[in-house]
Amino acid sequence: MTVLEAAEITKEYREGLEAVPVLRGVSLSLARGEIVSLEGPSGSGKTTLLSILGCILTPTGGRVVVEGEEVDPDRPARLPAIRRKSIGFVFQQFNLFPSLTALENVEYALNVKGVAGAAARREAERVIDAVGLSDRSGYLPRDLSGGQKQRVAVARALAGRAPILLADEPTANLDSQIGGQILELFRDLAKKEDRALLIVTHDPKVRAIADRVVGIRDGVVSEARPAA
Amino acid sequence: MVDLATKSLLHDKLRFAITVSGVAFAVALVFVQVGLFLGILDNASVTIEHADADLWITSKNTPNVDFAHTFPESAVQRVRSVPGVARADNLIVWYMTLTLPSGAQEASLVYALDDFRRWNLPWRVAEGDLTDLGRGQYVFLDASAEKRFGPFAVGEYREYLGQRMKIVGRTRDALSFSTTPISFMDFSRAQKLAYQTLANKTTYVLVKLAPGADLESVRAEIRRRLPYNDVYTKNEWAKRSRAYWVESTGLGLNMMLTVFLGCLVGVVVVAQTLYTSTMEHIKEFGTVKAIGGGNGDIYRILGKQAAIAAVIGFLIGAAMSYAMRPAIAKISLKLIIPPSLALVVFAGAVVLCLAAAMISFRKVASIDPALVFRN
Chain G
1 MTVLEAAEIT
11 KEYREGLEAV
21 PVLRGVSLSL
31 ARGEIVSLEG
41 PSGSGKTTLL
51 SILGCILTPT
61 GGRVVVEGEE
71 VDPDRPARLP
81 AIRRKSIGFV
91 FQQFNLFPSL
101 TALENVEYAL
111 NVKGVAGAAA
121 RREAERVIDA
131 VGLSDRSGYL
141 PRDLSGGQKQ
151 RVAVARALAG
161 RAPILLADEP
171 TANLDSQIGG
181 QILELFRDLA
191 KKEDRALLIV
201 THDPKVRAIA
211 DRVVGIRDGV
221 VSEARPAA
Chain W
1 MVDLATKSLL
11 HDKLRFAITV
21 SGVAFAVALV
31 FVQVGLFLGI
41 LDNASVTIEH
51 ADADLWITSK
61 NTPNVDFAHT
71 FPESAVQRVR
81 SVPGVARADN
91 LIVWYMTLTL
101 PSGAQEASLV
111 YALDDFRRWN
121 LPWRVAEGDL
131 TDLGRGQYVF
141 LDASAEKRFG
151 PFAVGEYREY
161 LGQRMKIVGR
171 TRDALSFSTT
181 PISFMDFSRA
191 QKLAYQTLAN
201 KTTYVLVKLA
211 PGADLESVRA
221 EIRRRLPYND
231 VYTKNEWAKR
241 SRAYWVESTG
251 LGLNMMLTVF
261 LGCLVGVVVV
271 AQTLYTSTME
281 HIKEFGTVKA
291 IGGGNGDIYR
301 ILGKQAAIAA
311 VIGFLIGAAM
321 SYAMRPAIAK
331 ISLKLIIPPS
341 LALVVFAGAV
351 VLCLAAAMIS
361 FRKVASIDPA
371 LVFRN
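Taken in sequence, the protein lines are chains G and W. Per the working numbering, the first sequence starts with residue 1, numbered consecutively. Per the working numbering, the second sequence starts with residue 1, numbered consecutively.
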């Protein structure tokens, strides 16, 4: 079942009077339980595409449909609500709140999504347990290793049961072994919980867990093929 | 709910201390300036507040209680016959030169009445019996005079306008705006001492109304009978005396300027630290937006942080101000912080801190959540 669909997406940025095209008619879809690797060189437009798919940016042209709802670029105020309901992010830099413990980082994300009190605490504990950090749940990010921080970030994305997970270079700041563990964790949880997972990456190991690999170059999807 | 605002604020303890210090010093500055101002102004009308008189009759256009002008003492007779007047007496308030044992000369503000007890003046007698004042060349001197005149004891003598007067009592809290020490002596004694100016003269008539008498009708009748005098209620006269010093000395302007500067310093410190903090946490705020939060969520975080800084800063600033009171009292000044002032300063601190946070609001409103993808 398709949960995210992008059709003929274009995006231009303005540099002075000149319009610089970044995406030139990109089409992509994600189904529940599917893991897609989005690969491309720097400047190819993959982060812009991720931002549009994640309802952070609106496209210049084309259409994005999230869980059956077409994103209206003329109603940017609606975007945060779509993000809260349908999308979980994992960032390259983890982007954890340094003043909150691992558990609180997850719980706060749930609070933003409208889940509060004991329900939020229970869900936060569930996902922290799912990423294997129960014994570190009270630690501040500064006391966690890079891999542990990324696990917390994964837990935060999973919390609230958003059907779409978007990850931006999730292994870029991790060593090879830890990066591999994070990807396996991602794969297991996405499959187990039937989430759609799009990973933007340079890391060839991602192919090992992906169902499909999409290449992007100069703002155009250059290939879409099953992973090896 | 996870309290990101509080945890984030307390996470950087040094920055938190700087923010709170900014508010605390601004609050203390306002409290001390306004408190001292109120304390000094209190001196300007303290005798009026304590005198048991409903009406004060003065010469025309007398600016304040210390700067009295004379008028015939017989006016009191016309006042006593006004219906509704229970009693009326002459009061002299007059500067007299006093010679100290060292030969140095100083001024004392003399309050002279026939019957001090009747008018509750002086209101705090530390030593002596007020009835003695009518028995000879006797005077009561306020303890605050020691700062200006040096130590003195009951039983000692001082020269008032060249006449030897025996100190037979000591009072407390009888202060004047100009800090000139106050003496109390018998009415006729004061007239004799300054014979050329005070003979058959008074400077005020104090009026006590009979129970149930209508103040305005009594005042109207006194005005009719004494057209060349002014008649004030106690509150009006106290207010006029205070207003004179505020308006004529620039004290009010000075106080307002200091309060303004205090507020400005507080706002700038809070605004600057909150803004810097916002800039340093910009990626966190971007993350809040990326995970579905709106500008409102971030405004609440910044608003709460500003409010916390305001409340804690206010408490520390107020504590600092109260702690200064004994030291200020030692230099014969009063720091008056009425609850209404505390309430206004508290509300001001909160409002100004929130206003300071609004500078950060503008920055937050323009955060592009896509920055979470940047290194």
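Some clues are possibly wrong.
[As the list claims (entries may be wrong)] In silico EDC-like links for lysine to aspartate or glutamate, alpha-carbon gap of 20 Å or less:
| # | chain 1 | residue 1 | chain 2 | residue 2 |
| --- | --- | --- | --- | --- |
| 1 | G | Lys85 | W | Asp297 |
| 2 | W | Lys7 | G | Asp129 |
| 3 | W | Lys192 | W | Asp173 |
| 4 | G | Lys192 | G | Asp175 |
| 5 | W | Lys330 | W | Asp173 |
| 6 | G | Lys85 | G | Glu5 |
| 7 | W | Lys147 | W | Asp114 |
| 8 | W | Lys13 | G | Asp143 |
| 9 | W | Lys363 | W | Glu247 |
Hint data in this document are derived by calculation from the structure and do not stem from the laboratory. Bear in mind the structure is a predicted one, so any value in this text is a computation, not a measurement.
_Check the hint pairing W:Lys13 with G:Asp143 against an upper bound of 20 Å on the C-alpha distance._
Holds, at about 18 Å.
*Do the alpha carbons of W:Lys192 and W:Asp173 lie within 20 Å of each other, as the hint requires?*
The given pair, whose Cα atoms are some 27 Å apart, is violated under the 20 Å limit.
*Please work out if W:Lys330 and W:Asp173 have their alpha carbons no farther apart than 20 Å.*
holds, 13 Å
_20 Å limit on alpha-carbon distance, applied to hinted pair W:Lys7 and G:Asp129_ = Between W:Lys7 and G:Asp129 the Cα gap is close to 24 Å, so the pair fails against 20 Å, i.e. violated.
_Can you confirm whether the C-alpha distance between G:Lys85 and W:Asp297 stays at or below 20 Å?_
holds, 16 Å
_Pairwise hint evaluation, W:Glu247 against W:Lys363, where the allowed Cα distance is 20 Å at most_ = violated, 43 Å
*Please work out if G:Lys85 and G:Glu5 have their alpha carbons no farther apart than 20 Å.*
holds, 16 Å
*Take the C-alpha atoms of G:Lys192 and G:Asp175, compute the straight-line distance between them, and say whether it is at most 20 Å.*
violated, 25 Å
*Is the straight-line distance between the alpha-carbon of W:Lys147 and that of W:Asp114 20 Å or less?*
Violated, at about 28 Å.
When each numbered hint is compared with the structure, violations occur for hints 2, 3, 4, 7, 9.
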